[in-house]
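Protein chains in written order, with my numbering: chain E, 1 to 143; chain A, 1001 to 1161.
No lab work stands behind these hints, which were simulated from the structure alone. Please note: incorrect hints may appear among the correct ones.
Claimed, not checked - Pairs of lysine to aspartate or glutamate, EDC-like flavour, derived with a Cα cap of 20 Å:
1) A:1002 to A:1070
2) A:1002 to E:2
3) A:1002 to A:1064
4) A:1002 to A:1071
5) A:1027 to A:1039
6) A:1027 to E:47
Claimed, not checked - Derived list of chain A stretches under chain E, where covered just means 3 residues or more per stretch with a C-beta under 8 Å from a C-beta of chain E:
7) 1015-1022
8) 1046-1053
9) 1083-1096
Claimed, not checked - Among the chain E residues that face chain A by a calculated CB cut under 8 Å, a handful are:
10) 3
11) 4
12) 6
13) 20
14) 34
15) 43
16) 92
17) 141
For each residue, glycine too, the CB sits at the ideal point set by N, CA and C.
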Amino acid sequence: MDATAIGYALLGGVLIGVAASALLLINGRIAGVSGIAAGVVTPRRGDTAWRVAFLAGLLAGGALLALVQPHAFGRSPASHLVLGLAGFLVGVGTRLSNGCTSGHGVCGLARRSVRSLAATATFMACAAATVFVVAHLVPRLAP
Amino acid sequence: MKRLSAFACGVVFALGLGISGMTQPSKILAFLDIAGAWDPTLLFVMGGAVLVAGASFPRILRRDRAVLGDDFALPTRTAIDPRLLIGAALFGVGWGLSGYCPGPAIVSLATGSPAVIVFVLGLVIGLRTGAWLADMPPASDTRRPQRPATIPKGVFDVPPL
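Same shape as in the complex, but just chain E (with noise of 0.2 Å):
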């Protein structure tokens, strides 16, 4: 962990906090990734246009970044078969519990939702414990 990690770490997440700021400011609505996307995967009549609006508009910085800072981006070290799964986890998953990272981790405890404290610390620490059996378990059984 170096202090310029560090610089960046808090400077993104500034970013991410401000984006969240100024979408409840301006539009009224929540900044939760995965609870935009399910209402454009499964729409509602009049509530569309802002959620594609804001997808476009993590696009469009995506390419930004891909553009001006490729080394933003990296690989996930699974499989095309395990990354399918994992995706269907994480949109099953969300869906069931109302919010990912941004919803729950970030606008839900700045809302000091006791809801979203309960569904980050179920999420993290099952995070953690799968990349545990995947990082030390599995290969010490499978040599």
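On the provided structure of chain E, position chain A as indicated by the hints.
What follows is chain A alone, placed relative to chain E:
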């Protein structure tokens, strides 16, 4: 105007994710690997975001409505129920398997990487499946229809002997 501001918020949000390192699955996995070479840097991402949003949200919510005239659409659920905990657990497993949560995955789509496309396809199917599961009535409502309380006329209309 609402679309333009949502778009701009999405751009800033994506830049925040990219600058902070959230679009690097290996960094996420190192952050989650408590038993290995733990990299706590990402604590500062969430810390910075929660600090800013935590300071601004209460002030913003003192307003009657949002700047562009909409009412604030805030989550209404407060229950810590099995659905919340099971969902969060499934999300955690998927996050730990891949190093992607929904925001960084969508931002990373811009690179055109097949791995990210596969993840987002899974994500879309998962969101649809989750919506379908969430719409199902709770288990207590799926019991077999009960017998009518009164015996329909005619069934036991045996003439008295």
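Against the structure, the hints:
no.	hint	result
1	A:1002 to A:1070	holds (10 Å)
2	A:1002 to E:2	violated (40 Å)
3	A:1002 to A:1064	holds (18 Å)
4	A:1002 to A:1071	holds (13 Å)
5	A:1027 to A:1039	holds (7 Å)
6	A:1027 to E:47	violated (35 Å)
7	1015-1022	holds (count 8)
8	1046-1053	holds (count 8)
9	1083-1096	holds (count 14)
10	3	violated (10 Å)
11	4	violated (10 Å)
12	6	holds (5 Å)
13	20	holds (5 Å)
14	34	holds (4 Å)
15	43	violated (11 Å)
16	92	holds (4 Å)
17	141	violated (16 Å)
In this structure, the hints that do not hold are numbers 2, 6, 10, 11, 15, 17, in rising order.
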